[in-house]
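K.L.:
Those protein sequence lines, which keep their order, are chains A and B.
Under the working numbering, the first sequence has 215 at position 137, and the numbering climbs by one with no breaks.
Under the working numbering, the second sequence has 191 at position 182, and the numbering climbs by one with no breaks.
By construction, these hints were calculated from the structure, which means they are not laboratory data.
Here the structure is a predicted model, which means the values were calculated and not measured.
You may find that some hints are simply not true.
[Said to hold, decoys possible] Derived EDC-like pairs: lysine to aspartate or glutamate, alpha-carbon spacing no greater than 20 Å straight-line: (1) B:Lys36 to A:Asp90; (2) B:Lys36 to A:Glu118; (3) B:Lys78 to A:Asp110; (4) B:Lys187 to A:Asp90; (5) B:Lys187 to B:Glu157; (6) B:Lys187 to A:Glu86.
[As the list claims (entries may be wrong)] Okay, the calculated bits of chain B under chain A, using three or more residues with CB under 8 Å as the criterion: (7) 38 to 52; (8) 65 to 75; (9) 143 to 154; (10) 158 to 168.
[Claimed, not checked] Which chain B residues face chain A? A few, computed with CB under 7 Å, are given here: (11) Arg56; (12) Gly118; (13) Ile121.
Cβ coordinates follow ideal geometry from the N, Cα and C atoms, glycine included.
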Amino acid sequence: MTRERMTEQELDATLAEVGERLAYPRPTRLADAVRARLREPRAGRWWDALRSPRYAFAPILATLALLALVVVLAVPDARAAAIEFLHLRGIDIFRAPAIATPAATAVPRATSAGTLTTLNEARRGADFAVLAPADARLGSPDEVYRGKSPNGTHDVVTLVYTIRAGIPVSREAGVSALVVEFRGRVDEGLFGKVAGAGTRIEDVTVNGGRGFWIEGEPHLFFYRDESGNIWNETLRLAGNTLLWEQDGVTFRLEAQVSRDDALRIAASFR
Amino acid sequence: MDAVKRVRTDSVEGRPTEDAVLVERSKNGDQDAYAELVTRYQAIAARTAYVITGTAADAEDVAQDAFVKAYYALDRFRTGAPFRPWLLRIVANEAINRRKAAGRRPTVGLSIALDRASGDTALSPEASALAHERREVVLMALRRMREEDRLVIAYRYFFDLSELEMADALGVARGTVKSRLSRAIARLRAAMEGDELHDA
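Just chain A, with the same shape it has in the complex (with noise of 0.2 Å):
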């Protein structure tokens, strides 16, 4: 009797009657199980923390250039490797060690750090109290710069020590301290997924507040910021770096110094 041809609405009602029939899985505690895999960490993929929602950032395509510009310097077979990431595959490219190869190409200091201004100015004019170090071995910054968070809303100032005698140049940094400052916000996870497995993180006291100190092989880093946006300035290789906090301000101090050396430069920010 089938061999007749079923009309269309005959084809259409037989249709819904198989759908409603069908032996469909009924799963009932896949949040559960969804949940629990969300709690796993994401072995040995770290860029992924990139990527995650907690994350998430804006100028992506920033970010992926930088890192591809990463797989370049680092993989022989760059080009096809930084066409896989940008894809947003490429499991094996970036293992840890790969993110030490282009400390060489010094990412340019003061990148979109704003316009070049004095201490006094940008005392004045910051949303917030900025401090710099009353230490000799650094003595008063070259430069120091004020510009804006990329979402515009927050003051970021960056204080510049070009050479001073004692601390090498960072060839990460391209000078001898950096210092920056902003309302910010660390993340401690974060810095953990970035960082290759050269790199040290302690939790540290400075000033009476929680910091890190990172140190070891050159790590990628960056911040989030008050509304949870990760900057794409500060993503970038970078050497020896204490991080703190110090009334609602984020200040961050890289110099290829030690952890104590550091830390007697952060007592001294006034």
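Guided by the hints, dock chain B onto chain A, whose structure is given.
P.N.:
Relative to chain A, chain B alone:
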């Protein structure tokens, strides 16, 4: 500097929170909000996966993987867009990939849960038997069709998606949905006739 603390901003009491709100919260790392989205769409996700894979166990795995992938892809989700078709697209891709990885047998084991010829009590025994046979013929044809064709048929006839949702879920222009569907139906008919010739 402590771990991020978030303030829950629940909607007006008693009203289901809108998808868009849950999505935004999920984007900010609120896994409770995401769990709510999973609960809301687990059934259609698993059903969609099943239409492609043809086995319930695979379909559940696919749905789970798809929800995890969707979570990590939320930063690419356009704010304000409907969540369901976006999710289904990820589910369907995941299911098709799994079929490919498994070596893609020509037919799938899609089956009907419980279907007796006498089940249609409103029908005469003859009409009921005829309806049963028609379902069998359609099912056999569906098993042999391309995943993409099965999917478009399922969206329209099984899950009753709107044309707009279908376009989003299939990743095609809205004007393309009708032609996709009619081509799929034409191929379904061809497959049915093939079945019948075979049986004859």
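K.L.:
All hints are to be evaluated individually against the structure, with a verdict given for each.
P.N.:
Status of each hint after checking the structure:
no., hint, result
1, B:Lys36 to A:Asp90, "violated (40 Å)"
2, B:Lys36 to A:Glu118, "holds (17 Å)"
3, B:Lys78 to A:Asp110, "holds (15 Å)"
4, B:Lys187 to A:Asp90, "holds (15 Å)"
5, B:Lys187 to B:Glu157, "holds (14 Å)"
6, B:Lys187 to A:Glu86, "holds (15 Å)"
7, 38 to 52, "holds (count 9)"
8, 65 to 75, "holds (count 6)"
9, 143 to 154, "holds (count 6)"
10, 158 to 168, "holds (count 5)"
11, Arg56, "holds (5 Å)"
12, Gly118, "violated (9 Å)"
13, Ile121, "holds (5 Å)"
Hints 1 and 12, counting from the list given before, are not met by this structure.
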